[in-house]
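Chains B and Z, in that order, give the protein sequences. Quick note on numbering: the first sequence equals residues 1 to 352 in the numbering used here. Quick note on numbering: the second sequence equals residues 353 to 704 in the numbering used here.
None of these hints come from the bench; they were simulated from the model. Any given hint might turn out to be false.
[Unchecked claim] Have a look at the derived ranges for each label pair, beta carbon to beta carbon:
#1 Z:Gly555 x B:Gly194: 57 to 65 Å
#2 B:Pro305 x Z:Asp660: 28 to 36 Å
#3 Z:Ala462 x B:Gln215: 36 to 44 Å
#4 B:Lys11 x Z:Thr679: 39 to 47 Å
#5 Z:Glu688 x B:Gly230: 23 to 31 Å
[Stated by the list, open to error] Selected chain B positions facing chain Z (in silico; Cβ < 10 Å):
#6 Asp268
#7 Gly275
#8 Leu335
#9 Leu344
#10 Gly347
All values derive from a computational prediction rather than experimental measurement. For glycine and all other residues, C-beta sits at the position ideal for the given N, C-alpha and C.
There are 2 protein chains.
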Amino acid sequence: MSDVIDKMTSKMADWLSGEGRDSDIVISSRARLARNLLNFPFVDRSTEDQQKTILSAVLSAAENTEFLKNALYFDISSVNELNRQFLVERRLISTDFAEGENPRGLLVTADEQIGVMINEEDHLRIQVIHSGFSLEKAWYDVRQLDQELSSYLDYAFSERFGYLTACPTNVGTGVRFSVFVHLPALTFTKEIEGVFSEMIPAGIAVRGFYGEGSQIIGNFFQISNQYTLGWTEQGILDRLIPLINCFITKERSAREHVRNDQRVTIEDKVFRAQGILTKAKVLSFIEFLDLLSALRFGIDLDMLPKIDGRIFNELMVLTQPAHIQKTEGKVLNELERDILRATLVRGKLNLN
Amino acid sequence: MSDVIDKMTSKMADWLSGEGRDSDIVISSRARLARNLLNFPFVDRSTEDQQKTILSAVLSAAENTEFLKNALYFDISSVNELNRQFLVERRLISTDFAEGENPRGLLVTADEQIGVMINEEDHLRIQVIHSGFSLEKAWYDVRQLDQELSSYLDYAFSERFGYLTACPTNVGTGVRFSVFVHLPALTFTKEIEGVFSEMIPAGIAVRGFYGEGSQIIGNFFQISNQYTLGWTEQGILDRLIPLINCFITKERSAREHVRNDQRVTIEDKVFRAQGILTKAKVLSFIEFLDLLSALRFGIDLDMLPKIDGRIFNELMVLTQPAHIQKTEGKVLNELERDILRATLVRGKLNLN
C-alpha cells in the first residue's frame, strides 16, 4: 500500500491541470455527497463489526461500477501517519478521517478526480473534483456514480427529509458543492470581508485552505453551499453558480482597479515575491503560499510572463509537509522541510 | 549657497571611503570638541547680537587656520529646510542645529572630514571624521585645529574644571570620541544587549543611527565615551580604544559562530535581502538599511562576492530622504522617495 502511495507522489491529480473556465480564479470545483446505508447506525454509533460490514458492502458495490472498478483502495488503519497526512494534503481524505481509529477506507481513481471515504462521518462520502469552474461537470459525475452505487447499496432515505446523514447540516440532498478560489485583488483592496458578509445570508460558507476550520492562507478560499435541505441539488447549484460568478466578477473588477490605481504597490509586492522565491534558502509552507499568491497575481495582471497554471497548482500540493517528506523518502524536521521546499520551488518555478 | 549644496549632492565625503583599520565593522571614527568663548554667555543665554559677534569672531579665526582657510561656510538661517535636512544627513550638523532660530553657521572642508558648528549648544562644536577605526587620527587632527583656533580665540577655561561647556556632560576636556559601527552578528545572536550592558559601567554610550536619541536601524550603532571630566583626552582615548577593540573581537567571533552553526538561516537572510533589493519597486529608508545590513553581512561572511565598501557607505548617505530629493531636484512625498530609492539602489548595487 505504501508502494502505491509512493507512486502517487510523483504523479499529480488531473484536477490540478489549471484548465477549465475561469481557472485563473477558480482552481477547482468539487461536488460531494453524504450517504448512509439503511439498517446500519451512523458511524459514530456503530460497532467495529458493523463498520467492517459497511466497508465490505461498499467495496463490493464499487467493484461493480464503471467509475470505481479500477480504483485504488487504501485501508486507512494500515496506512502510516506520514502517508495519511499525504492523503490529506492530496485532498482525498479529511483530517478527522486520517486521525480516526475505526475500520475505514478510501477508494480513489488513478486520476484522483473521484474518491470515496468509507466510514468517515457518514458511511460514504463520495467526491468528484475537476479543474476550473466546473461544478456542473462535477455534479454530473458524482450523480452518475451515486446512481451506480445505489443499484448495489440500500441508502438511508426518508420521504420527508431526503438522505439521512450523521450531521443535520447534510440532511436532504447530502450534497456539498465547493470551489477552491484565489482572490488576491479582493483581499488586497480589503473588499473581501464585505463581499463575504454579503454572501453569508445567501447560504454561502467561506473556509480556509484546508476547508472547514482551517486557516486562510495565500488568499485561497473554499466557497461552498451552506444548506442541503429543502432544495433539489439542481436548485442549490442554480443558486450557487451565480453567486460564485459574482465573486469572479468582483475579483476581476478589483484586479482592474488595482492595476490602474495601485500599480507600483502591486508591482512592489509581486516583484518582491519573485525576488524572495528566487533567493530564499528556507521557506515555510504558509510563507510560500503567500508568495505564490503574489506571483500568480502578478502574472494575472500581466506584470510577469505567463507560467503554466498546472505548475502553480501542483506546487501548492507538492510543497506541503508530507509531500516534501515523501519526495525525500524520509521523515524530516521543520527546518529540513523548509530548506527542501525552498530548493524545490526554485527548481519548479525555474527562478534562478 | 544652495548652489554649493547642490554640488555637494553629487560628491561624497572622504570618510565614506570604506578604508582604514577594521573598516568592515567600524565605518567611521569621529572626534569632536565643545568650546566656548570667554566673556560671552553660553548660546542659550546669549542675545542675538552676542551670537552674531561670536559668529564673526569664529569666522575670522577660521580664516587664519590651515585647516579651515578654504572651508565652505553656510549661514544656516538662510539655508532652506530641505538643504538643512541634507546637512543633517551628511552628519555635518545636528537636528537641533538645523531646527534652531538663532544666528548660527557651519564651516566645512570640501572633503567633509572637518566641520565646525558655530552657536549650536556650545559656541563651537569642532568635529573631525575619518574612515575606519581611526580615532587617534581624528583626535590628532581635531587637536591641531583646536590649537590653531585657540591662537585667535579666547576659550572659556577653568583651572579646576577644564573647558566650560553648556551641558555638564561635556565639561572638562569637552571631547567626545565616537565610532559608527556595524554589528550584524552580535545583533543576530542577541548577544548585543549583554555586551552593551557590560560596557555602560565602563563609560560607554551606545546610540542609534543618527546619534543621541535616535532609532537603531540596520544594526548600525554609534559608540562613544560618556565622560569628559577627570581624564585627559589621551586618557579617555586609552580607555575607549580597548573597549571598541573588544566590540570588534566579539563581533568577529559571533560572525565565526553563525557562519559555522547557523549557516542556512544566515544565508536565507542574506539572499532574501539580495532578492528584495533586486526586485523591490518601493523601499523605505529603514527597510533599505536593514537589507543593506544583511547584504553587507553576507559579503563579510563570504556568501556573496565583495562589493566596494565605499559603495555601501555612500548608499547609506545617498538613500536618505533629503538626498533623494536633492538628487531628483525637487521636494517629493514619501511614496515618490521610496520609489526613487528602490531605483537608485538597484542601479548602484548593480543588482539586476
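Checked hints:
1. Z:Gly555 x B:Gly194: 57 to 65 Å: holds (59 Å)
2. B:Pro305 x Z:Asp660: 28 to 36 Å: This hint holds: roughly 34 Å between Cβ atoms.
3. Z:Ala462 x B:Gln215: 36 to 44 Å: violated (60 Å)
4. B:Lys11 x Z:Thr679: 39 to 47 Å: Cβ of lysine 11 of chain B to Cβ of threonine 679 of chain Z: about 55 Å, so the range 39 to 47 Å is violated.
5. Z:Glu688 x B:Gly230: 23 to 31 Å: Between glutamate 688 of chain Z and glycine 230 of chain B, where Cβ atoms are some 57 Å apart, the hint is violated.
6. Asp268: holds (4 Å)
7. Gly275: Because about 3 Å separates glycine 275 of chain B from the closest Cβ in chain Z, which is inside the 10 Å limit, the hint holds.
8. Leu335: holds (7 Å)
9. Leu344: At 15 Å from the nearest chain Z Cβ, leucine 344 of chain B fails the 10 Å test, so the hint is violated.
10. Gly347: violated (16 Å)
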